[in-house]
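Asker: This is what each chain is made of:
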Amino acid sequence: DTGVSQDPRHKITKRGQNVTFRCDPISEHNRLYWYRQTLGQGPEFLTYFQNEAQLEKSRLLSDRFSAERPKGSFSTLEIQRTEQGDSAMYLCASSLGRYGQETQYFGPGTRLLVL
Amino acid sequence: GDSVTQMEGPVTLSEEAFLTINCTYTATGYPSLFWYVQYPGEGLQLLLKATKADDKGSNKGFEATYRKETTSFHLEKGSVQVSDSAVYFCALSGSGVSSGSARQLTFGSGTQLTVLP
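Protein chains in written order, with my numbering: chain A, 395 to 509; chain B, 15 to 131.
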């Protein structure tokens, strides 16, 4: 199976620490999205890459958050100085950007708990 | 901005009952519409989609029809099974202003479905 993978699946950290998550998209997909999902809610968009370029960021993405996608392959999402409000599931999705026919495929997510 | 309003849950049904989960949307242009399913402890899986008005998406016995006149995309299944127990999310993807535009998904809040044997 060559679906979207994310690592780690779970992360517990103390407030103020930095954390980094990794996403490996489906190999031929040029678009990559990050979402955040809190308990009982639908996922909310954080940021988007087309190849290696970060083209859009949500207002939800504070200055403590940074994402990269070097060489247009895997992506990392880093949260600096974590806060308890950062506790959530972080989801990555990838797609092949055919205009009007795009379908996003999601990874299993990384569940973050900030103590 | 774009938004999705989804039938609030939780929904509890007996096996073989008929399922409807309502979904309405607000969007500019011509969005694509999706239903995703999330099983316990897992990520989102695409259930079905429709990309233009009057399209019907279907998969695993589930169906939804893109109704532009009522801005709706209700999910239906004629006979649910215990294995259908999960959280169901309705979502839309904007049409974008150019081929490079982000087409992030806007999700509803999800409907928890429990099917009892």
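Wrong hints could be hidden among the right ones.
Here's a subset of chain A near chain B, in silico, CB distances under 7 Å, partners left out [said to hold, decoys possible]:
id, residue
1, Gln435
2, Gly436
3, Phe459
4, Glu462
5, Pro502
6, Gly503
Since the hints were derived computationally from the structure, they do not count as laboratory data. For each residue, glycine too, the CB sits at the ideal point set by N, CA and C.
Asker: Run through the hints listed earlier and report the numbers of any the structure violates, in increasing order.
Answerer: Hint check: 3 and 4 fail, others pass.
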